[in-house]
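Chemist: Produce the complete structure using the sequences and hints provided.
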Amino acid sequence: MISRRTSGIVLSVSDHGESDKLVTFLSPDIGRATGIAKGAKRSKQRFVNKLEPFSLLRLMYRTGRNGGLLFLSEAELANAFFLLRQRYDCFVVAMFACELVLHFTREQDPDPAIFFLLLWLLQALESGRDPLQVAALFHLRLLGAAGYQPKLDSCGLCSEPIRPGRSYTLQPGSGLLACDRCRHDLPEAAASLSVQTLKFLYKAQAVDLHHLDRLRLPRRTADETLLILYRYTRHLLQHDINSWRQLRGLRATAEQPGDLRRRLKTAAGTRKSGRGRR
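Residues -12 to 265, numbered by this note's numbering, are exactly what the sequence shown covers, in order.
These aren't lab readings, by the way, just hints derived from the structure by calculation. Incorrect hints may have been included.
[Said to hold, decoys possible] Pairs of lysine-lysine residues, derived as DSS-like cross-links and limited to a Cα-Cα distance of at most 27 angstroms, are as follows:
(1) Lys138 / Lys190
(2) Lys25 / Lys8
(3) Lys138 / Lys186
(4) Lys8 / Lys28
Modeler: Take a look at the structure:
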């Protein structure tokens, strides 16, 4: 079998047998893929300290006879993104992003746009940007890349453009807005979105990824966005997002070292037990 090379962001890692590990990663070339790293639990050179969630790796792999599971023979660390495992808020947002990617990608179906969007998130967190702002922007752009972009410039029922003085709700079933005049025929729905938030998000949908760093969300806008997109995504997936509880529980206050270790251990356990696939 021919060996090939690719870059990949590690989405999840699990033990396999006594000495092996299963690594699920996202690559711009092959999409989401899962490979087995033989002897990784005992390795002192090829894989040691490399097969960690959120790490960017340069991988060498071979395909199996019938496709499916890959065989990882080598991993070179390109960026470990250490800060994401040291700060609880960054860890939770990265965990949330990886879970969404697992849901909105398919095995070995390349989508470079989603790869580079996830890489943007990791780099933004590493650079010190507000984690909730980064999470909101990432979630919005991921929905667009996956083909579920909500329409945020007009009411989806009367087609009237958004305007000051009105209130709007995103309909989870369609991804369309409903203005305060039209939504009386709809069941009691999610919290309203302010016009300021809608205008900002509409701009965020269109801006080039390289310029996404220039956008700054007020905390209230980030909170509104995360809640509305969570409800929309939960409807699309028809099940909950496991890391949502940790995301909503983020606090702005600094964590004490002992509390940080406890929170990281709890979050990692939730991630391992609640891993999903679309």
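Chemist: Work down the list of hints and note, for each, if the structure agrees.
Modeler: Hint-by-hint comparison with the structure:
1. Lys138 / Lys190: Within the cut-off at roughly 12 angstroms; holds.
2. Lys25 / Lys8: holds (7 angstroms)
3. Lys138 / Lys186: This hinted pair holds, its Cα atoms lying about 11 angstroms apart.
4. Lys8 / Lys28: Measuring from Cα to Cα gives roughly 7 angstroms; hence the hint holds.
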